[in-house]
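Participant: Residue numbers (our numbering), protein chains in the order written: chain A, 6 to 130; chain B, 67 to 558; chain C, 9 to 348; chain D, 20 to 515.
Treat the hints with care, since some could be wrong.
Said to hold, decoys possible - Covered stretches of chain A, going by a simulated chain D footprint (3 or more residues, C-beta under 8 angstroms): (1) 25-37; (2) 42-56; (3) 60-66; (4) 107-116.
What the hints assert, rightly or not - Listed next, the in silico DSBU-like pairs over lysine-lysine satisfying Cα-Cα at most 30 angstroms (straight line): (5) D:Lys378 - B:Lys94; (6) D:Lys177 - D:Lys322; (7) A:Lys115 - D:Lys380; (8) C:Lys32 - D:Lys177; (9) D:Lys120 - A:Lys115; (10) C:Lys98 - D:Lys177; (11) A:Lys115 - C:Lys32; (12) B:Lys516 - B:Lys438.
None of these hints come from the bench; they were simulated from the model.
Ideal Cβ positions, reconstructed from N, Cα and C, are used throughout, including at glycine.
In case you want the letters, here they are:
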Amino acid sequence: MEILLAKYNYWIYVALMMIGIYGMIAKTNLMKKIIGMSIFQTAIIVFYVSIGAKKGATIPIIEHGHGAAHAAVRVADYVNPLPHVLMLTAIVVGVGTLGVALAIAMSIYKEYGSLEEDEILERLE
Amino acid sequence: METVVSIKPLLASLVSLVAVIPIVMSGKRPNLREGWTFLAGVIKFGLIISMLPVILAGGTIQYNLWQVMPGLAIAFKVDGMGMLFAIVASTLWLATSAYSIGYMRSQNEHSQTRYFSFFAVALSATIGVAFAANLFTLYLFYEMLSLATYPLVTHHQDGEARASGRKYLTYILGTSIGLVLPAMLMVFHLTGTLDFSGAGILAGTTSKTVIICLLLMFVFGFAKAGIMPLQGWLPAAMVAPTPVSALLHAVAVVKVGVFSIFRVLTFIFGVELLRTLDLGGVLCVIASITILVASLIALSQDGLKRRLAFSTIGQLSYIVLGVALLSPSGLTGGLLHIAMHAFGKITLFFCAGAIFVATGKKNISEMVGIGKRMPVTMIAFLIGSMSVIGIPPTGGFISKWHLLLGTLEANRIPMLVVLLSSSLLNAAYFLPVFYRAFFCTDEESMFEAKVVEAPIWCVAPLVMTAAISVGLFFYPQPFLDLARMAVRSMGG
Amino acid sequence: MIWQFDFLILALGVICALASISLKDLLSAAIVFGAYSFLMCLLWTEMGAVDVAFTEAAVGAGVSTVFFLAAVFHTSRIVQPRRRGRMLHKLVGLAAATGIGILLISATADFPNWANPNSPASTHLSPFYITETIPLTGVPNIVTSVLADFRGFDTMFETAVIFVAGLAVVSILGRYGRRLRDYEPSPVGEDVAHQSPIIQAACRIFVPFMQLFALYVVAHGHHSPGGGFQGGVILGASFILVAISYDLRVMQRRLQERRAMLFSSLGVLIYSGIGALCLLMGANFLDYSILHTILPATSPIMARSHGMLGVEVGVALTVMSIMVIIYVNVASYGKSDRGL
Amino acid sequence: MISPEQYPVLIVVIPLLSAFLISILGGMDKRFCYPATLLALGGSLAAAVATLCLVADHGIIHYRMGGWAPPFGIEYVVDYLNALVLVVVVFVAFMAAIASKVSVEEELPHKIPQFYTLFVLLTTGLLGMTITGDAFNLYVLMEIAALTNYALIAMGRKRALMASFNYVVIGTMGACFYLLGVGHLYIMTGSLNMADILNILPHLYGTNAILVAAILMLMGAWIKMAFFPMHGWLPNAYTYAPSATSSLVAPLMTKVSVYIMIRVMFSVLGAVYVFKVLPVKELIVWLATAAIIAGSLFALAQKDFKKMLTYLIVAEVGYMVGGVWLATAQGITGAILHIVNDAVMTLCLFLFAAIVVHKTKGHQLSNLQGLFKKMPITMAAFAVGALSMIGVPPTAGFFSKWYLILGGIDAGQWQFVVALLFSSLVNAVLFFRIFEIAYYEPESAQHGHGESVAIDEAPLSMLLPLVVVAITIILLGLYSGEIVTTFIQHAVPAGI
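Generate the whole structure from the sequences, applying the supplied hints.
Facilitator: Now the structure itself:
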């Protein structure tokens, strides 16, 4: 129980990641591949955000920012903000990739009339 | 021994390469174009001869062009051995240029500009090999030669040329990349240098097994030398126009091959090392197999050029045998044979070309009675054959004499037998050609008894080379001196 | 942090992920995927990552789902079963997933316990950001100060990523060679009328508030969750809402695609331009403190704060326009005429 | 106005700013795009060369983004290794940009502004990846490069679309692996700065988490560089991409990824860790050997000229990965030198392919018939590139191969030596087959048999870069000793 509580976050991100990878590799429908890809990316975000968590701390915004004495800021009070910043980037990259992937998938549909990888490959011959 | 630093060896190599530019520029005006070829040839010859006194006085000429990386430089060094080869090559270039003009124009060949350009490049590479100061430079020019000769071999650009060109490159590039390159790297790995040194550089660096492997890699890797079983490209390459066959496949390319083997065996391995490890025997066996088998095959060839090609394969191994004997006379004989065989064999090729130009005949069986039609050519043919067989008064006798002495010095009597029986075989495949050309009844003769020689541009060079062949018997001194000097520098 | 709650969300997340991967109907899969994103966003709020959650809510659960729906609308909705080599494909996927899973699980044993305040991640770099954000930059939202200043260089490229994505979509899907006049939306005709008037009225009321809120999110990002990304996405979403409830052409009357492209370049240009300005003034790239010499009545610290605001505006501009561009192209198959 | 300390950032900032300007100006008039692109890349090239000189004179340069000290801020580190790679990247991009004019107008007439914006941004991404000293910043730039790349390839339409889609999926997986690896390092060390991580890491060497981080990051780099057997996405993507795209992407993408691998190995994980602690050295050299042999064999089987080249890229990646993992000074030197040489060589071949596509409207081997006569200068330049691929001195390819083989001998990895020689032989076969095809006339014209075929050279904007690149190949070869002693020998980690 102790270990479970200490690490379950990390295990579940692994589970999400496995689902994502499975979707990317095993699915032949292009949209499904894209969904798999997105799940894969969110799994990484879960991982990073979990790194940033801190017991007994609150959101990383300094209370009474202006005017409060600087010495009053205690590190233990705020969660680690760095992973959050990194993951903002990752989310944005994720939506960028998603847009490009969708655009390509739609062009493929226009060209070959299908979203199934095997059918497209047949039509390529 | 004095060492002179001079840019001359570089210039000697580069002059024909530079000449490519005016040759291409004046592609539309053949006379001017050939003028450039000659000019370059004369300058090259002059440069090489101008270095001769220093070399004969026992000096060497060096020039470091470029240090590519530590231990790896493009550098030139002129010594007796390189000088000998360079003189032969540059002299014959002049002869062949003249001959090419006659041959190519009378055959009305296409793309002559390309022909003369690559011809010039090939010569640059040949001189580069002769003057290379280290194995890397030698390899560089060796590859350059392989590439420059491809368009020459496949000049006709038909199906046959295509197949032969492919075979040519497969053999030449395959071996140089697959065998020479790793061997060279291995040498560099073991010694940290590739510079040629008279005493060899490999002594005491590695085990006998590795040495033997390297030896075989080098000997077979320089496939231009046509050592069996890597001789297949040579007969195939005979599809080239005759001047190409003459210069490149009797002189430049194949001689570059044996020259490289000679260089590597004596200046990388070192005579002393080969002697202590007792590797002469291996080489002797390799060489003598090629000598005998090639001579036997030559007997059965009807195509004149093909017969000459197999003869060349056999003769090249004489030179390798010269090294294999590891005795002073043997080495001297081997080096001399580079020169002597060159003059003899090029005469024969010129004759074959002249016959083709004048009569369109390629096969020996069609040449009965040709002596009455082309007496000058056929007399020259006789002289060339005598030189190759080694009958006095021709230069070939001198080199063969030294080789025979070498076998006695090295106490390798079987090799003596090989040489003598090979000479008999040579005689057996050359003399009938001559015999049938002159000694036949009028009914047997396939030609009218009217003298019609090939154009003067074709005949003059072959008369000249035949004359030199004879001249070398009476005055072999410069070559003999150079060869002896080279042998001395090898500590032989 | 209540682990039971956490656990529940994670479990639901896994279920949603599985469902969106295995559903045969792509429309449902897309919607389930939206739900999955929303669960993730709950999870992150719960872990204190409010900015991430905000962004995920706007991007992942919001516009991404719309993009998916639009794409599915234009292509096929039902997943065809694979004809041959089905098992093999599945096995390969399963093997890869399991392999990587085992690899990753094996690493977790060495991780510090979850949410341990003494983990290296919480003790090495982050204390500096937490304690120094006010003294060095004057911005209470640490995520904003790290995002736009300490690691502002990352964020500039992040904006560039968004820009690239939009440009990529245009160049892949777009009908090419359109000039400005081709973009002129045709007058609103009867084809608009078939939309439900209730939706249209609701949208009419919503959109101004959305946009106002978005501006607030951008401007108040220094003090509260939010900033250029979140605000930009909401702004973009307001346009997308117009496009969905009315028509693409109606939306294009407000924001032409061509102008959106211009805005998006301008946004990143603002960001990198501010950086370059610092460079020209003799400081390092993106060192906003130098700007106090040209900004009226500010100290180097406040100059940093203002510099951040400047770049956030740039980010918002780019993100908004790119969201619109991607939507327009995906929803209209690159023709930017009718939309869904 | 701008002091030399600012040069490193200019390399990246100039093209970045220009990209947006190109997008804006191109929207008004697309004639602006081409000159603006050249200007941007030219400026970047100047900055890169200036930086290279600075590094050669004064050693490693550190640059703090936003003035924040590392490890808190993002840092640019220009050392002996990436100073060199930076110049190569900009040089290749600049040459590819010059040559792109005609083929872009021909193949993508309606997407000129988009193309050039993405082109410059891709270059920016690659430069940023090369120059950065921050592990996460690397990921962001990797994504910039990747997204632009997907779009540039997908512009090729038809078959390029499917290839591009595969690339999106696999490329994203690669980037995510890298990101995960960084995450593992972050959770263990708490840092993102490469030098900082390198300092903290030694006492964590034994842990599983670092092992996994190393595997993930290396996997990410390998997927991105199409290291065998992860090469599946590359051939189609590069073959069917527009000519102007492939002449930028083919030389650079894989090479920069190899650089990233070296970066991760030596500047993040540490040479001691990857060579002494990880027990995979031999295994990876074997894989590299397989990559070389498989790439060469696949290349032999192709009838499509461009596709053949792409399989050669797969083989060349094997050269570099193998060279690094030989773990000898010679091998690493060879691998780094090969990054430089191979980028230029591949550029030469793909510029030639672009000319072939422009002239003959196809990229099958049969399209090359009779080209020696038609385009002698082009073919001569191509021949230089081809000879370099084969490894004929004094072209650049010979010297990097020289070091690689010596490294293989030093390490006693004979299978790698054999594979290198084998690949040289295969390259010889491949390129001489091409020479042969180009040397002989097409069947129909064979009867003409004279000097009648008119010379029909490529347009100057394509020919000039090709010739410059060919000359560069020879110069690189001649100066390889110089390059090694001035730069590469400092980049090889000490004590291996």
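Participant: All the hints need checking, so say for each whether the structure fits it.
Facilitator: The hints, checked one at a time:
Judged by the Cβ-Cβ criterion of 8 angstroms, the stretch 25-37 of chain A is covered by chain D as claimed, because 3 of its residues qualify and three suffice. Counting residues of the stretch 42-56 of chain A whose beta carbon lies closer than 8 angstroms to any beta carbon of chain D gives 7, which meets the minimum of three for the stated coverage. Taking a C-beta to C-beta cut-off of 8 angstroms, the stretch 60-66 of chain A contributes 0 residues in contact with chain D, too few for the three needed, and the coverage statement is violated. Counting residues of the stretch 107-116 of chain A whose C-beta lies closer than 8 angstroms to any C-beta of chain D gives 6; at least three are required, and the coverage claim holds.
Annotation: proposed proximity of lysine 378 of chain D to lysine 94 of chain B holds, straight-line Cα distance about 27 angstroms (limit 30 angstroms). As the CA atoms of lysine 177 of chain D and lysine 322 of chain D are separated by approximately 19 angstroms, the hinted pair is consistent with the 30 angstroms bound. The straight-line distance between the Cα atoms of lysine 115 of chain A and lysine 380 of chain D is roughly 24 angstroms, inside the 30 angstroms bound, and the hint therefore holds. For the hint pairing lysine 32 of chain C with lysine 177 of chain D, the CA-to-CA distance comes to about 27 angstroms; that is within 30 angstroms, so the pair holds.
Distance hint between lysine 120 of chain D and lysine 115 of chain A is fulfilled; the C-alpha atoms sit about 29 angstroms from each other, no more than 30 angstroms. Proximity of lysine 98 of chain C to lysine 177 of chain D is assessed by CA-CA distance (about 28 angstroms); at most 30 angstroms being required, the pair is judged to hold. Taking the CA atoms of lysine 115 of chain A and lysine 32 of chain C, the gap is near 21 angstroms; set against the 30 angstroms cutoff, the hint holds. Straight-line distance between C-alpha atoms of lysine 516 of chain B and lysine 438 of chain B comes to about 7 angstroms, which keeps the hinted pair within the 30 angstroms bound.
Hint compliance for this structure: hint 3 is the single one not met.
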